[in-house]
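Could you put together the complete structure from these sequences and hints?
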Amino acid sequence: MWDIVLPDDVVSIRSDLLLVDHDGSTMQAIFPKAVTRWFTGKIVEGCVYKFTRFDTVNCRLSYLAIPSDYIIYFNSSTVVEEISESIKFDYPRYFFRFAVMEDLRARNEKNVVGMLTIIGSKTSVDRASGNSSMDRRDVMIKLLRFGILYMRIIGLHVSSIDEEFLMSRPSNPVMVITGGIVKEYNSVKYISSSSATKIYIDIDIPETGQLKQKFDGIIPPVRLLTADESKSIGPVAKPIDMISGIMFCQGQRYRIQARIVEMDIANGWFYESCPKCRVKLMPENGKFTCNDDGIVTPEFVDSLFFFDSMQLKLIIEDDTARIEVVVFGKQAEELVGLPLTKTVANQCLDKTKLPAMARDPTKSEVDYVFVIGVTEQTYKRGLKKFKVYSYNAKEKNNEPVVLDKGKKVVNYSGREVMEIGASDKGRVKEDNIGVVSADYNESMIAPDAVSTPQLSRNINSGKRR
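Per the numbering used here, residue 1157 is the first one in the sequence shown, and the count goes up by one each step.
Please note that a few of the clues may not be correct.
Each pair of labels, with its calculated beta carbon distance range [stated by the list, open to error]:
#1 T1196 <-> Q1487: 27 to 37 Å
#2 K1370 <-> S1315: 22 to 32 Å
#3 H1178 <-> S1277: 36 to 46 Å
#4 P1326 <-> E1237: 36 to 46 Å
#5 S1520 <-> D1225: 38 to 48 Å
In the DSBU-like style, the derived pairs of lysine-lysine whose C-alpha atoms are separated by at most 35 Å in a straight line are [claimed, not checked]:
#6 K1469 <-> K1443
#7 K1550 <-> K1206
#8 K1339 <-> K1368
#9 K1550 <-> K1486
#10 K1189 <-> K1345
#11 K1278 <-> K1206
Calculated directly from the structure, the hints in this document are not laboratory data.
From the three backbone atoms N, C-alpha and C, an ideal C-beta is built for every residue, glycine too.
What follows is the structure, given as C-alpha cells:
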C-alpha cells in the first residue's frame, strides 16, 4: 500500500495498493481520498481479504505498479472482509518487476533491487515551487548486473533510511525500492523516489539471496558519507507525481430505496456565480474574478435560473450497501427545507454549515426513493458519485411512490421510456426493451432496473480476493 501526494503538498489525494491472488495474478487498486475514511485501519499489508462491490475500469493512469489494461477503484459501496480462517494455499507475500540498466531507458517507473554500498548524509532540497524545502538523502546500490545505480530518496521516505540499522547489519543489506521515477542528469540515469515509493530491507525473495551470494565479501562495507561528500555523488532531484482522472460512460440510471445517513458539505452548500456567464467563482483577496468577464459582483444563482447553485453530497444506504450521491438546485433546497436566496446566503457566514433553520435529513427515519445516474462530471478521480435526478419520500404505509407522474422516465440503459395514449392505457413501452405493465397515471422503471434491496448488483461491481 502507498499514498499518492502531489508536489508541494503533504496530504495524500488517494491511497493505492497492489492485490495478488493465490495464483499470483495481480492488479492495482485505488482508494480515492473521499472514501478512505471507510477503510482506514481495516487493511494491512500481508493479510488476506475479500473485496466486494468495486469498479473494474479501463486503466488510463500514467504510472502503474504492474502493466495492466484494467484497474480497480474502491468506492463507498465497497466491502472489505478479512479472511482469518486457515488458508489452504499460500498467497505470495511480495510481487515486484525489477528493472536492470537497459530497462531504465525504456520505462518511466521502476522497482529496483540492489546491495547497498553508500549512504549520503541527510540534506534538504527546494520543492518545485521554491516556496519550501524537504529532506533528501542519496544512496547507491550495486545491481546484480550492469553496475551501480544512484537513488534519490526525498521527503517522508528519508525516515526509512535508518543509517544505524543499515550500518549494523552483518553484511551489506539488500534494498528493494519501488515506485521510483527515472530521471537523467548529464546523460546518467538515476531513480528518484515518489510519494508511491516503498523501501524494503533484506526481505525473503530470490534476488536477495542472489545478490548476497554474488557480492558478500567482495564489495566493501556500507560507507556513510559526510555532508560535503554527499554533495558530489549526484544531482538534486525534484519529485514529480502523475495522476489521471477516469471518465465513466453516461446513460446508466437506477431507482433505489434508501436512507440518508450522512450529508457532506465540507466544500460548501452553495456558491457564488458570475452574473454574466454563471460560472462558479472563487474569492481571491476579497474579490471575485471571472476568467472571461474579469472582476465582477457575484450573484447567488437560485432556482429562478436554469443554473443550479445549491449542491449537497449525501451518503445513502439500504440493507445491502451504501453509495455517495449528489443532489443539486431546487431538489437540494427542498430536501433541507431552505430556499437559497441572497438573504439566506449573506446570513450564512460559514458555507460548510447549514443555517439553523435548515432541516437535517439524516435525522429522519423516512426512506427515500431515488432515481440516480452517473455522469462524466460526477466521476472524478475514480470516485463514482451519482447525480440525483429525482427523489420522493417513501410512504410509511409502504405504498408505492410515484416518480415523475405523467412524464417520461428513463430505464437502466439510459433510453427514454415514453407513455403512450389512452388507447394503450395501462402500458408503457420502450424501444428494444419490451413492454411492462403499469398504471396509466404512474410512470415506472422496468423491474430489472430496480436495485433495492440488491443495490450492488446494478452498480458495476466485482469480487476479488
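Structure-based check of all given hints:
1. Range check, T1196 to Q1487: Cβ separation about 32 Å, and the 27 to 37 Å hint holds.
2. Between K1370 and S1315 the C-beta distance comes to about 30 Å, which sits within the given range of 22 to 32 Å.
3. The given range of 36 to 46 Å is respected by H1178 and S1277, whose C-beta atoms sit roughly 44 Å from each other.
4. Distance hint check: the CB atoms of P1326 and E1237 are about 41 Å apart, consistent with the given range 36 to 46 Å.
5. Remark: the range hint 38 to 48 Å for S1520 to D1225 is upheld by a beta-carbon distance near 44 Å.
6. Annotation: proposed proximity of K1469 to K1443 holds, straight-line Cα distance about 27 Å (limit 35 Å).
7. Proposed proximity of K1550 and K1206 is supported: the alpha carbons are some 34 Å apart, at most 35 Å.
8. Note on K1339 and K1368: the hinted pairing holds, with a Cα-Cα distance of about 28 Å set against a maximum of 35 Å.
9. Restraint check: the Cα-Cα separation between K1550 and K1486 comes to about 19 Å, which is no more than 35 Å; the hinted pair holds.
10. For the hint linking K1189 to K1345, the alpha-carbon distance of about 33 Å falls within 35 Å, and the restraint holds.
11. Taken as a hint, the K1278 and K1206 pair is broken in the structure, with Cα atoms around 41 Å apart against an allowance of 35 Å.
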